[in-house]
Amino acid sequence: MIRASDLKKHFHDSKRGVVRAVDGVSLECNQGEVFGILGANGAGKTTLLRMLSTILKPTSGTATIAGWSITEQPDKVRSSIGFMSTTTGLYARLTAREMISYIGSLYGMSGRELKAKVDEEISLLQITEFQDRLCDKLSTGQKQRVSLARTVLHDPQVLFFDEPTAGLDVVASKTIMEFIEQKRDQGKTIVFSTHIMSEAERLCNRIAVIHNGKVAAVGTFGELREMTGEERLDHVFLKLIERAEAAA
Amino acid sequence: MKGWTQVWRKEIREFTRDRRVMMSAVFGPLFMELLIMMLFGYIGTQVSSEKAQKILVQNPQHGGRALAALRNSKDQKFEIENLPEGMTPEEALNQKKGRAVISFPDDFDVKYGNDSPPEVKVFVDPHEATGDLAFGAIAKVLGEQISQYTQQYLQSKAIDLRRLVPFVFKKQDIKAAKPVGGDIFASFLPYLVILFAFYGGFSIVGDLVAGEKERGSLETLLISPISRTAIAFGKFAALATVSLTGCVSALVGVFLPGILHLRATEKLFSGGFAIAPSSVFALIITVLPLVVFFSGCLLAVSCYARTQREVQGYLSLMSFVVLIPAVFSQVIGLTDLGSSRWISFVPILNSARVIREALLNKVDWTNLAITGSLGIFLAAVSLYLAVRMFQKESVLLRV
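Residue numbers (this note's numbering), protein chains in the order written: chain Z, 1 to 248; chain C, 1 to 399.
If you're looking for bench data, these hints aren't it; they were derived computationally from the structure. Quick reminder that beta carbons are idealized off the backbone N, C-alpha and C, glycines included. Don't take each hint at face value.
Claimed, not checked - Calculated lysine-lysine pairs in the DSS-like style (CA-CA distance at most 30 angstroms, straight line):
| id | chain 1 | residue 1 | chain 2 | residue 2 |
| --- | --- | --- | --- | --- |
| 1 | C | Lys2 | Z | Lys117 |
| 2 | Z | Lys76 | C | Lys392 |
| 3 | Z | Lys57 | C | Lys392 |
| 4 | C | Lys77 | Z | Lys76 |
| 5 | C | Lys2 | Z | Lys115 |
| 6 | C | Lys392 | Z | Lys15 |
Stated by the list, open to error - Chain Z stretches covered by chain C per the calculated footprint, using a threshold of three residues with CB under 8 angstroms from any CB of chain C:
| id | stretch |
| --- | --- |
| 7 | 52-66 |
| 8 | 96-110 |
Bound conformation, chain Z alone (with noise of 0.2 angstroms):
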């Protein structure tokens, strides 16, 4: 479903020079598997995610989203995608349902198409009672809901999550998970970055650590287990980021 082959970003920092923010990442995900994306601040997953949903044009390399290319094919990935993360703003003087319906716009729905999607979807995440209230007005876990819903109004076959528990509390992130986690039962191909080693734990079928814009390590839990010789998620973590700096 994913497949990206040796993409890199790089970018051009009057004070830094050459910034490698992606440096030839290579990874395969597959159609309802949910692909964690691991690594601390600034590693260039949210480059990598930005590349991939085609917001960045990569420097060199390329990848195919349900079969579109990202560089041939922009416009067909992006309708093939979702994308959500906590950064991901409403627009304040809409009302939840007037945003929702903006966004199924922007994705070629009209009339009453779109009327039973953004209904469906406001019923699905329990939006009626404030779905008439300006976003400004929402509560940050109404908001989340409504983030949500735009997201999968076009029903996706891929959906990347960019932190998207990062800053909200644990009654907000838990819809969010279970959110995620039924999508994974429908079968829809997720990317999920996170740093959170506990919700990459309880969602990801399998996890690319990233450092320095390049992949540490693919695998399963297990196979990263076994790689590293740790136990607990977070020691795996440290010990595969140990041997990049040590590698580099």
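Once you've looked at the hints, dock chain C against the given chain Z.
For chain C alone, kept in the frame of chain Z given last:
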């Protein structure tokens, strides 16, 4: 370009719920123009009204026939009072006791009509416009009296006055097209139209892209299937709509008192206001590219800036670029530059001139063609730049 209308509709919906937009693009221009019109109307009424001008007289007992002429003038109205005792003309004028002080010499009556004519002094404050107005009125009345005296004298000596005058001259107004609502419109309306074309969208431009960067909502747009060109165009169209609304609101604010026949402004519309179709055409050809040009520039700034605050910083500088030619357009009519062809090649200044010509119902088609073409060209360039800027990830994602 598919999908830009959705972006446009959403932005407009948000704008209508934003008090800042309603203030800066609708109510602000409308009520500010109404206020300015009332003020101009009041000043116009005051200046042209037959309100008596207060003048003080020093030595009124010697004023004789000159003072009588002032008191009995039918053309000019004076409120004549004696200079308070012990007060000099300078003191009286500094204390605003009157607009002018006429001082008759003690021998005025004796010397009147003699070989050495007496000198009547009229004191005015050179820095007070009302002093000049009062002097003009006094000079007119006293001048007429001198003229009458001269004629009578010459007649008594059997001299034909015409033999003493080599030629006569008089002011003759040509038959010009009637300006829309009076000359006052032509002088300040172009300035206002240009200002509101720029400032109409001023308050919300920060929200459009820089605000989305700050809120993190831009990602949502960028991963949608519609192209970045369509997103940029939708936002541009929304901004242009708001700027145009600002212009139209300003124009409504100007013409509304005339339509409603408000008493406070009736002097401004005393000749009515009729605008020729050619002038309407010229206004459209000038204003629309101007709005597009400004909207493109504003959107490019919003794309480039990281935050809304940064947008405001850039726009403060940019507003000088708009203000300087706009202000210059106010005084250019006083010089020969006003009719120079090269003005048509100076953006903003050329628009102000064409709008002025349109309001005077004197459209110069060559000026209009150059201004319109240049305006359309610049509008296209600014729109292109804004769209290009929106596509540059180094600009769009710099936070």
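Structure-based check of all given hints:
no. : hint                : in the structure
1   : C:Lys2 to Z:Lys117  : 21 angstroms, holds
2   : Z:Lys76 to C:Lys392 : 20 angstroms, holds
3   : Z:Lys57 to C:Lys392 : 10 angstroms, holds
4   : C:Lys77 to Z:Lys76  : 83 angstroms, violated
5   : C:Lys2 to Z:Lys115  : 20 angstroms, holds
6   : C:Lys392 to Z:Lys15 : 21 angstroms, holds
7   : 52-66               : holds (count 5)
8   : 96-110              : holds (count 7)
In this structure, the one hint that does not hold is number 4.
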